[in-house]
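Enquirer: If you want the building blocks of each chain, they are given just below.
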Amino acid sequence: MERRGTLVLKPIVELTIAAFVIVSFLGIAKMYGTGEAFLQERFAREGALFADAFLAVPGVGWVGYLPDVSPYTLQLEHSRFRVVGNAETAHAFASADDVEPRELVTPEHVFFFHDGKSVSIADDQPAITPFRCAPLELDAVVVQARLDETSSAIDQLLGVRCGPDFLCAAGEGVRPTVFVKVVMVQEPGVTARFFYDSPRIEESRTLACAVLRDVSLGLGHSDVPKRLLPADNQQRAAPVPVWMLPTDDPELGSHRDVVTLLIEADESNLVPVGRVLCRLLKLGCES
Amino acid sequence: MISPLSLFKKKRGSWIVDSLPFYLVFAIVVWMLFLLFAFIVNSSASGKHAIPPGLEEFLLEQRFFSSSCFGTRDAFTDGQLPLIGQELFNPLQLTRCYQASGKGFPAYRLTLTAGDGEKTVLTLGYDETRGASRGRSSPVRVLAGDSVTDGTLRIEVQHVEG
Chain A
1 MERRGTLVLK PIVELTIAAF VIVSFLGIAK MYGTGEAFLQ ERFAREGALF
51 ADAFLAVPGV GWVGYLPDVS PYTLQLEHSR FRVVGNAETA HAFASADDVE
101 PRELVTPEHV FFFHDGKSVS IADDQPAITP FRCAPLELDA VVVQARLDET
151 SSAIDQLLGV RCGPDFLCAA GEGVRPTVFV KVVMVQEPGV TARFFYDSPR
201 IEESRTLACA VLRDVSLGLG HSDVPKRLLP ADNQQRAAPV PVWMLPTDDP
251 ELGSHRDVVT LLIEADESNL VPVGRVLCRL LKLGCES
Chain B
1001 MISPLSLFKK KRGSWIVDSL PFYLVFAIVV WMLFLLFAFI VNSSASGKHA
1051 IPPGLEEFLL EQRFFSSSCF GTRDAFTDGQ LPLIGQELFN PLQLTRCYQA
1101 SGKGFPAYRL TLTAGDGEKT VLTLGYDETR GASRGRSSPV RVLAGDSVTD
1151 GTLRIEVQHV EG
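Chains as they are written, first to last, in my numbering: chain A, 1 to 287; chain B, 1001 to 1162.
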């Protein structure tokens, strides 16, 4: 004979266990039957792989991941890419300090990017330019330029008055505020060097950065589009090899109290460099 | 002495299916079946979306040339060899750019050679008493101060159990 209460408890326990089993198996069946589990697994793996790939990108870039991920919340964690839907799937990647964790709640698409500072995800196309330069703020520019004797084409472009020693000046004022040295080299490409032991190093570096950015965007070339961002076609805009490096050039060192820049360019890039310099230094030669 | 089987028998010798021990065994068996089912289906899902062999390892090795690691931030290397900053090539920078110890990711031994100098850094988990499972050398350019010289970066891989 059963004790009082056992008759009530028994069916409750049985029904609870049965409900648990049925619901669990139905849930799994639904996830795998609709392919949702496979999709989540795929998104998690590919997301982790994208994070790995963007940590290996030598410069900057982005890629749109176009499958419909709107049913899910995507989490880029420090060392995992997590997809949260009806279930949760995560895949690990080898992390780095550059990873910026971010969560996207039911985004339509996801964009992976490396903006030169961090690797992260966004729900919209990130605005990325090949060179991230600080804003260039140069007022009342008086340029003194030392031009290589073979690069005389640039003096007309800059509108500078040159002496017999190829030392030239442009702008209104007595004391120069910017010293630019331009040298023609055989190796294709443009190198912008800044004098590193100077109180004006940040401005010098920013000017070098801005020159290379504009040259690599093709802004100094008349035969290419004025604005062609690498992000528009997933590749670099200009095939011009550009370099930004420090220098201890003594001539720049003798002007260490002003903004200094040493440009080394091959013949085909001298005029584009001149145009870019002219525009950045506001020397009035936009044409 | 009471036999364990007696727990499952009613007093008159028939099996009972509504005793507490039965529920415990039933719950354990169901839970194990549940886990087995989930494991089998999950393995099937993983197999369908397996990463091509070697791809992840290739990407991890490329990281050492990037600006996240030893590659310099300010130089583009279009059509040229990767540019490695000699100042950046140190254990601290490696720790910043490769944090994968104990997760089943490979461990690396990296040797940068430029001119007469040679420098080696190791990731966490690399065991120097064991040999590397694979190694390759890549030509690079090395930025030291304001001069750029030719060099090589040797990457040796050791697989670590997760």
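Don't read these hints as lab results, they were simulated from the structure.
Certain hints may be false.
Some chain A residues well away from chain B (every beta-carbon gap over 10 Å; in silico) [unchecked claim]:
(1) V57
(2) H114
(3) Q186
Just some of the chain A residues that point at chain B, by a computed CB distance under 10 Å [to be verified]:
(4) F25
(5) L26
(6) M31
(7) E41
(8) R42
(9) A53
(10) A56
(11) F93
(12) V119
(13) L245
The beta-carbon is built from N, C-alpha and C at its ideal position, and this holds for glycine as well.
Enquirer: Next step is simple, just say for each hint if it's right about the structure.
Expert: Cross-check of the supplied hints:
The claim that V57/A is not at the interface with chain B is violated, since a C-beta of that chain comes within 10 Å of its own (minimum 6 Å). For H114/A, the non-interface assignment is contradicted: its Cβ lies about 8 Å from the closest Cβ of chain B, within the 10 Å cut-off. With a cut of 10 Å on Cβ distances, Q186/A stays outside the contact zone with chain B, its closest approach being about 15 Å. At about 7 Å, the closest approach between the beta carbon of F25/A and any beta carbon in chain B falls short of 10 Å, and the interface hint on this residue holds.
Using the Cβ-Cβ criterion of 10 Å, the hint placing L26/A at the interface with chain B is not satisfied: the shortest such distance is roughly 12 Å. Nearest Cβ of chain B to the Cβ of M31/A: about 9 Å, under the 10 Å cut. The hint holds. About 5 Å separates the beta-carbon of E41/A from the nearest beta-carbon of chain B, less than 10 Å, and the hint is met. Nearest Cβ of chain B to the Cβ of R42/A: about 4 Å, under the 10 Å cut. The hint holds.
Checking A53/A against chain B by beta carbon gives a least distance of about 5 Å; that is within 10 Å, so the hint holds. Hint on A56/A holds. Least Cβ distance to chain B is approximately 4 Å, under the 10 Å limit. Proximity of F93/A to chain B holds as hinted, the smallest CB-CB distance being about 8 Å (cut-off 10 Å). Hint status for V119/A: holds, given a least beta-carbon distance of 7 Å to chain B, under 10 Å.
A least Cβ separation of about 6 Å between L245/A and chain B falls short of the 10 Å threshold, and the interface hint therefore holds.
Hints 1, 2, 5 from the list above are not met by this structure, while the remaining hints are.
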